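Trainee: According to this note's numbering, the residues represented by the sequence shown are 1 to 303, in order.
Derived by calculation from the structure, the hints in this document are not laboratory data. Be aware that a few hints might be false.
Distance condition first, Cα-Cα at most 25 Å in a straight line; then the derived DSS-like pairs of lysine-lysine [stated by the list, open to error]: (1) Lys111 / Lys160; (2) Lys117 / Lys76; (3) Lys117 / Lys158; (4) Lys281 / Lys117; (5) Lys265 / Lys281; (6) Lys43 / Lys117; (7) Lys160 / Lys281; (8) Lys47 / Lys117; (9) Lys47 / Lys76; (10) Lys76 / Lys43; (11) Lys265 / Lys276.
Model, not experiment: these values are computed from the prediction.
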Amino acid sequence: MHTGPTGPPQTPLLLPSIFPSLTYIRMLFIDYSSAFNTVIPHKLAHKLFALGLHPTLCDWLLDFLTGRPQSVRIGKRTSDIIITNIGTPQGCVLSPILYTLFTHDCVASHKDNIIAKFADDTTVIGQITGGDEAAYRREVASLVTWCEDNNLTLNTDKTKEMIVDMKKERRTHQPLFIRELEVERLLILIRLCKSQLDTVKQKAGVSDAVHLAGCSMVDIASRIRPPAWTGLQLSEDEYQLIKALIRAHDTQENPTWIGLTGCQKRNNFFWSDGTKLTFTKWNPGQPDFLPGECCVHMNWPCE
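Turn these sequences into a full structure, and let the hints steer you where they fit.
Mentor: Written as C-alpha coordinates, this is what we have:
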(Lines of atoms letter the chains of each structure in order from A; the text may use other names.)
(Lines give C-alpha, C1' and ligand atoms only; values in the text may rest on other atoms or scores of the structure.)
Protein backbone atom coordinates (compact mmCIF):
# COMPACT_ATOMS: atom_id res chain seq x y z
CA MET A 1 0.00 0.00 0.00
CA HIS A 2 1.30 3.44 -0.93
CA THR A 3 -0.10 6.96 -0.74
CA GLY A 4 -0.49 8.57 -4.15
CA PRO A 5 -2.37 11.27 -6.04
CA THR A 6 -6.07 11.71 -5.51
CA GLY A 7 -7.98 8.79 -7.01
CA PRO A 8 -10.74 8.83 -9.63
CA PRO A 9 -14.35 8.04 -8.86
CA GLN A 10 -14.80 4.46 -7.77
CA THR A 11 -15.24 2.00 -10.63
CA PRO A 12 -17.90 -0.62 -9.81
CA LEU A 13 -16.70 -4.22 -9.79
CA LEU A 14 -18.70 -5.82 -12.59
CA LEU A 15 -18.83 -9.54 -13.25
CA PRO A 16 -21.48 -10.20 -15.87
CA SER A 17 -20.27 -13.71 -16.73
CA ILE A 18 -21.56 -15.00 -13.38
CA PHE A 19 -25.07 -14.31 -14.60
CA PRO A 20 -25.91 -15.87 -18.00
CA SER A 21 -28.77 -13.45 -18.73
CA LEU A 22 -26.55 -10.38 -18.27
CA THR A 23 -24.88 -9.56 -21.59
CA TYR A 24 -22.68 -6.58 -20.65
CA ILE A 25 -22.70 -3.39 -18.61
CA ARG A 26 -22.42 0.22 -19.73
CA MET A 27 -21.26 2.88 -17.28
CA LEU A 28 -21.45 6.59 -17.93
CA PHE A 29 -19.12 8.71 -15.79
CA ILE A 30 -20.71 12.15 -15.61
CA ASP A 31 -18.64 15.32 -15.43
CA TYR A 32 -20.38 18.51 -14.32
CA SER A 33 -19.04 21.99 -14.97
CA SER A 34 -18.52 23.67 -11.55
CA ALA A 35 -21.32 21.66 -9.94
CA PHE A 36 -21.19 23.36 -6.53
CA ASN A 37 -21.20 26.80 -8.14
CA THR A 38 -24.44 26.21 -10.05
CA VAL A 39 -26.73 25.18 -7.19
CA ILE A 40 -29.78 27.46 -7.07
CA PRO A 41 -30.38 28.36 -3.39
CA HIS A 42 -34.16 28.82 -3.71
CA LYS A 43 -34.55 25.42 -5.40
CA LEU A 44 -32.32 23.87 -2.74
CA ALA A 45 -34.41 25.40 0.06
CA HIS A 46 -37.58 24.05 -1.57
CA LYS A 47 -36.09 20.54 -1.72
CA LEU A 48 -34.90 20.72 1.89
CA PHE A 49 -38.38 21.73 3.00
CA ALA A 50 -39.86 18.81 1.04
CA LEU A 51 -37.42 16.49 2.83
CA GLY A 52 -38.84 17.64 6.17
CA LEU A 53 -36.24 20.20 7.25
CA HIS A 54 -37.67 22.84 9.59
CA PRO A 55 -38.72 26.03 7.74
CA THR A 56 -36.54 28.18 10.01
CA LEU A 57 -33.46 26.17 9.10
CA CYS A 58 -34.40 26.34 5.41
CA ASP A 59 -34.67 30.13 5.66
CA TRP A 60 -31.33 30.31 7.49
CA LEU A 61 -29.59 28.31 4.76
CA LEU A 62 -31.24 30.42 2.07
CA ASP A 63 -30.01 33.60 3.78
CA PHE A 64 -26.53 32.06 4.10
CA LEU A 65 -26.32 31.21 0.39
CA THR A 66 -27.69 34.46 -1.04
CA GLY A 67 -26.29 37.98 -0.96
CA ARG A 68 -22.74 36.73 -0.30
CA PRO A 69 -20.02 39.36 -0.90
CA GLN A 70 -16.94 37.99 -2.67
CA SER A 71 -13.62 39.43 -3.73
CA VAL A 72 -10.22 38.14 -4.86
CA ARG A 73 -6.93 39.14 -3.28
CA ILE A 74 -3.52 38.59 -4.89
CA GLY A 75 -0.66 39.94 -2.85
CA LYS A 76 -1.59 43.50 -1.90
CA ARG A 77 -4.20 43.87 -4.62
CA THR A 78 -7.89 43.21 -3.95
CA SER A 79 -10.59 43.08 -6.59
CA ASP A 80 -13.92 44.85 -6.40
CA ILE A 81 -16.59 43.17 -4.29
CA ILE A 82 -19.42 41.39 -6.09
CA ILE A 83 -22.59 39.90 -4.62
CA THR A 84 -23.22 36.21 -5.32
CA ASN A 85 -26.69 34.68 -5.22
CA ILE A 86 -25.98 31.24 -6.64
CA GLY A 87 -23.91 28.20 -5.71
CA THR A 88 -22.49 26.86 -2.46
CA PRO A 89 -19.19 28.27 -1.13
CA GLN A 90 -16.06 26.37 -2.08
CA GLY A 91 -14.26 24.99 0.97
CA CYS A 92 -17.33 25.22 3.20
CA VAL A 93 -18.01 22.03 5.16
CA LEU A 94 -21.72 22.40 4.41
CA SER A 95 -21.30 22.48 0.64
CA PRO A 96 -20.89 18.70 -0.04
CA ILE A 97 -23.82 17.92 2.27
CA LEU A 98 -26.05 20.55 0.68
CA TYR A 99 -25.10 19.35 -2.80
CA THR A 100 -25.90 15.75 -1.85
CA LEU A 101 -29.31 16.82 -0.58
CA PHE A 102 -29.84 18.96 -3.67
CA THR A 103 -29.30 15.89 -5.90
CA HIS A 104 -31.19 13.39 -3.73
CA ASP A 105 -33.99 13.15 -6.33
CA CYS A 106 -31.58 12.12 -9.09
CA VAL A 107 -32.35 8.40 -8.96
CA ALA A 108 -32.66 5.55 -11.44
CA SER A 109 -36.12 4.92 -12.86
CA HIS A 110 -35.55 1.36 -14.13
CA LYS A 111 -34.70 -1.75 -12.13
CA ASP A 112 -31.78 -2.62 -14.40
CA ASN A 113 -30.11 0.78 -13.93
CA ILE A 114 -28.17 2.26 -11.03
CA ILE A 115 -27.20 5.89 -10.46
CA ALA A 116 -24.23 5.92 -8.09
CA LYS A 117 -23.32 9.24 -6.48
CA PHE A 118 -20.46 10.40 -4.27
CA ALA A 119 -20.46 14.17 -3.70
CA ASP A 120 -20.41 15.61 -7.24
CA ASP A 121 -19.26 12.37 -8.88
CA THR A 122 -22.13 10.61 -10.67
CA THR A 123 -22.12 7.32 -12.58
CA VAL A 124 -25.02 5.82 -14.53
CA ILE A 125 -24.78 2.02 -14.63
CA GLY A 126 -26.88 0.10 -17.11
CA GLN A 127 -27.09 -3.69 -16.91
CA ILE A 128 -27.79 -4.80 -20.47
CA THR A 129 -29.68 -8.05 -20.99
CA GLY A 130 -30.04 -9.58 -24.42
CA GLY A 131 -28.49 -6.54 -26.03
CA ASP A 132 -31.51 -4.33 -25.21
CA GLU A 133 -30.14 -0.90 -24.24
CA ALA A 134 -33.46 0.98 -24.36
CA ALA A 135 -33.80 1.33 -20.56
CA TYR A 136 -30.20 2.53 -20.20
CA ARG A 137 -30.50 5.11 -22.96
CA ARG A 138 -33.80 6.39 -21.52
CA GLU A 139 -32.06 6.70 -18.15
CA VAL A 140 -29.31 8.83 -19.66
CA ALA A 141 -31.88 11.01 -21.44
CA SER A 142 -33.80 11.45 -18.17
CA LEU A 143 -30.59 12.45 -16.39
CA VAL A 144 -29.85 15.07 -19.05
CA THR A 145 -33.36 16.51 -18.58
CA TRP A 146 -32.96 16.45 -14.79
CA CYS A 147 -29.68 18.39 -15.10
CA GLU A 148 -31.37 21.03 -17.24
CA ASP A 149 -34.20 21.38 -14.72
CA ASN A 150 -31.70 21.78 -11.86
CA ASN A 151 -29.25 24.16 -13.55
CA LEU A 152 -26.43 21.59 -13.67
CA THR A 153 -24.25 21.73 -16.77
CA LEU A 154 -23.04 18.45 -18.25
CA ASN A 155 -19.51 18.67 -19.59
CA THR A 156 -19.86 16.28 -22.52
CA ASP A 157 -16.19 16.55 -23.49
CA LYS A 158 -15.12 15.15 -20.11
CA THR A 159 -18.02 12.72 -19.68
CA LYS A 160 -16.78 9.22 -20.52
CA GLU A 161 -18.43 5.84 -20.97
CA MET A 162 -17.04 2.44 -20.05
CA ILE A 163 -18.42 -0.81 -21.45
CA VAL A 164 -17.60 -3.96 -19.47
CA ASP A 165 -18.01 -7.15 -21.48
CA MET A 166 -16.97 -10.64 -20.47
CA LYS A 167 -17.90 -12.47 -23.66
CA LYS A 168 -15.06 -14.12 -25.53
CA GLU A 169 -15.95 -12.52 -28.84
CA ARG A 170 -15.62 -8.78 -29.37
CA ARG A 171 -18.99 -7.25 -30.26
CA THR A 172 -19.92 -3.89 -31.78
CA HIS A 173 -21.43 -1.40 -29.32
CA GLN A 174 -23.44 1.53 -30.62
CA PRO A 175 -22.19 4.96 -29.47
CA LEU A 176 -24.02 7.10 -26.94
CA PHE A 177 -24.90 10.69 -27.79
CA ILE A 178 -25.63 13.58 -25.41
CA ARG A 179 -26.99 16.70 -27.09
CA GLU A 180 -25.87 15.30 -30.46
CA LEU A 181 -22.30 14.91 -29.22
CA GLU A 182 -20.82 11.40 -29.17
CA VAL A 183 -19.52 10.31 -25.76
CA GLU A 184 -16.04 8.82 -25.78
CA ARG A 185 -16.21 5.19 -24.72
CA LEU A 186 -13.78 2.55 -23.52
CA LEU A 187 -14.36 -1.19 -23.94
CA ILE A 188 -13.02 -3.49 -21.25
CA LEU A 189 -12.98 -7.27 -21.71
CA ILE A 190 -12.66 -9.03 -18.36
CA ARG A 191 -11.43 -12.57 -17.84
CA LEU A 192 -11.74 -14.24 -14.45
CA CYS A 193 -11.23 -17.93 -13.84
CA LYS A 194 -14.10 -19.90 -12.30
CA SER A 195 -12.40 -20.26 -8.91
CA GLN A 196 -12.02 -16.46 -8.64
CA LEU A 197 -15.67 -15.93 -9.55
CA ASP A 198 -16.82 -18.51 -7.02
CA THR A 199 -14.66 -16.92 -4.32
CA VAL A 200 -16.10 -13.45 -4.97
CA LYS A 201 -19.69 -14.76 -4.96
CA GLN A 202 -19.18 -16.74 -1.76
CA LYS A 203 -17.28 -14.16 0.28
CA ALA A 204 -19.21 -11.13 -0.93
CA GLY A 205 -22.53 -12.86 -0.41
CA VAL A 206 -23.78 -11.65 -3.81
CA SER A 207 -26.48 -13.68 -5.51
CA ASP A 208 -27.74 -11.49 -8.36
CA ALA A 209 -26.49 -9.04 -10.95
CA VAL A 210 -28.22 -5.98 -9.48
CA HIS A 211 -26.35 -6.26 -6.18
CA LEU A 212 -22.94 -7.03 -7.66
CA ALA A 213 -23.10 -4.44 -10.44
CA GLY A 214 -23.60 -1.67 -7.89
CA CYS A 215 -20.61 -2.71 -5.78
CA SER A 216 -17.27 -0.95 -5.90
CA MET A 217 -13.98 -2.61 -5.06
CA VAL A 218 -14.37 -1.07 -1.60
CA ASP A 219 -17.91 -2.41 -1.23
CA ILE A 220 -16.75 -5.92 -2.05
CA ALA A 221 -13.89 -5.52 0.43
CA SER A 222 -16.29 -4.38 3.14
CA ARG A 223 -18.55 -7.38 2.51
CA ILE A 224 -15.73 -9.90 2.81
CA ARG A 225 -13.93 -7.97 5.57
CA PRO A 226 -13.84 -10.23 8.64
CA PRO A 227 -14.68 -9.09 12.19
CA ALA A 228 -11.74 -7.53 14.01
CA TRP A 229 -11.36 -10.47 16.39
CA THR A 230 -10.69 -12.99 13.62
CA GLY A 231 -7.09 -11.81 13.37
CA LEU A 232 -4.53 -10.88 10.74
CA GLN A 233 -4.56 -14.00 8.58
CA LEU A 234 -8.09 -13.46 7.19
CA SER A 235 -7.27 -9.83 6.49
CA GLU A 236 -4.23 -10.99 4.52
CA ASP A 237 -6.48 -13.40 2.61
CA GLU A 238 -8.79 -10.50 1.79
CA TYR A 239 -5.84 -8.43 0.62
CA GLN A 240 -4.70 -11.19 -1.73
CA LEU A 241 -8.26 -11.59 -3.08
CA ILE A 242 -8.45 -7.89 -3.92
CA LYS A 243 -5.07 -8.18 -5.67
CA ALA A 244 -6.50 -11.07 -7.72
CA LEU A 245 -9.52 -8.98 -8.69
CA ILE A 246 -7.28 -6.11 -9.78
CA ARG A 247 -5.14 -8.56 -11.75
CA ALA A 248 -8.25 -9.69 -13.59
CA HIS A 249 -8.91 -6.08 -14.66
CA ASP A 250 -5.26 -5.24 -15.38
CA THR A 251 -2.75 -7.97 -16.17
CA GLN A 252 0.09 -5.45 -15.67
CA GLU A 253 -1.10 -4.91 -12.07
CA ASN A 254 -0.59 -1.17 -12.21
CA PRO A 255 -1.13 0.96 -9.06
CA THR A 256 -4.83 0.97 -8.24
CA TRP A 257 -6.76 3.28 -5.92
CA ILE A 258 -9.11 1.15 -3.80
CA GLY A 259 -11.14 3.83 -2.03
CA LEU A 260 -8.90 4.48 0.99
CA THR A 261 -8.10 8.13 1.59
CA GLY A 262 -6.46 10.42 4.12
CA CYS A 263 -7.18 13.70 2.34
CA GLN A 264 -9.37 15.14 5.07
CA LYS A 265 -6.93 14.86 7.99
CA ARG A 266 -3.26 13.91 8.17
CA ASN A 267 -2.66 10.32 9.26
CA ASN A 268 -6.39 9.66 9.52
CA PHE A 269 -7.23 7.15 6.79
CA PHE A 270 -10.73 5.78 6.17
CA TRP A 271 -12.67 3.99 3.44
CA SER A 272 -14.91 6.07 1.21
CA ASP A 273 -17.93 4.16 2.53
CA GLY A 274 -17.09 5.36 6.05
CA THR A 275 -15.71 2.02 7.27
CA LYS A 276 -12.90 2.21 9.84
CA LEU A 277 -9.44 1.13 8.67
CA THR A 278 -8.39 -2.02 10.56
CA PHE A 279 -5.73 -3.62 8.32
CA THR A 280 -2.72 -2.07 6.59
CA LYS A 281 0.18 -3.37 4.54
CA TRP A 282 2.26 -0.27 3.86
CA ASN A 283 5.29 -0.19 1.62
CA PRO A 284 8.51 0.71 3.47
CA GLY A 285 8.53 4.39 4.40
CA GLN A 286 4.80 4.83 3.86
CA PRO A 287 2.74 6.82 4.43
CA ASP A 288 5.13 9.71 3.76
CA PHE A 289 2.50 12.51 3.38
CA LEU A 290 4.11 14.14 0.37
CA PRO A 291 2.19 17.16 -1.00
CA GLY A 292 -0.70 16.09 -3.20
CA GLU A 293 -0.54 12.44 -2.05
CA CYS A 294 -3.38 11.40 0.21
CA CYS A 295 -5.05 8.44 -1.56
CA VAL A 296 -3.90 4.88 -0.88
CA HIS A 297 -2.99 2.64 -3.81
CA MET A 298 -2.33 -1.08 -4.06
CA ASN A 299 0.38 -2.55 -6.31
CA TRP A 300 2.63 0.49 -5.90
CA PRO A 301 6.21 -0.63 -6.69
CA CYS A 302 8.66 -0.62 -3.79
CA GLU A 303 11.54 1.76 -4.40
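Trainee: For every hint, state whether the structure bears it out.
Mentor: Each hint tested on the structure:
1. Lys111 / Lys160: holds (23 Å)
2. Lys117 / Lys76: violated (41 Å)
3. Lys117 / Lys158: holds (17 Å)
4. Lys281 / Lys117: violated (29 Å)
5. Lys265 / Lys281: holds (20 Å)
6. Lys43 / Lys117: This hinted pair holds, its Cα atoms lying about 20 Å apart.
7. Lys160 / Lys281: violated (33 Å)
8. Lys47 / Lys117: Distance of about 18 Å is within 25 Å: holds.
9. Lys47 / Lys76: Violated - the C-alpha atoms of Lys76 and Lys47 are around 41 Å apart, more than 25 Å.
10. Lys76 / Lys43: Violated, at about 38 Å.
11. Lys265 / Lys276: holds (14 Å)
Against the hints set out earlier in the document, violations occur for numbers 2, 4, 7, 9 and 10.
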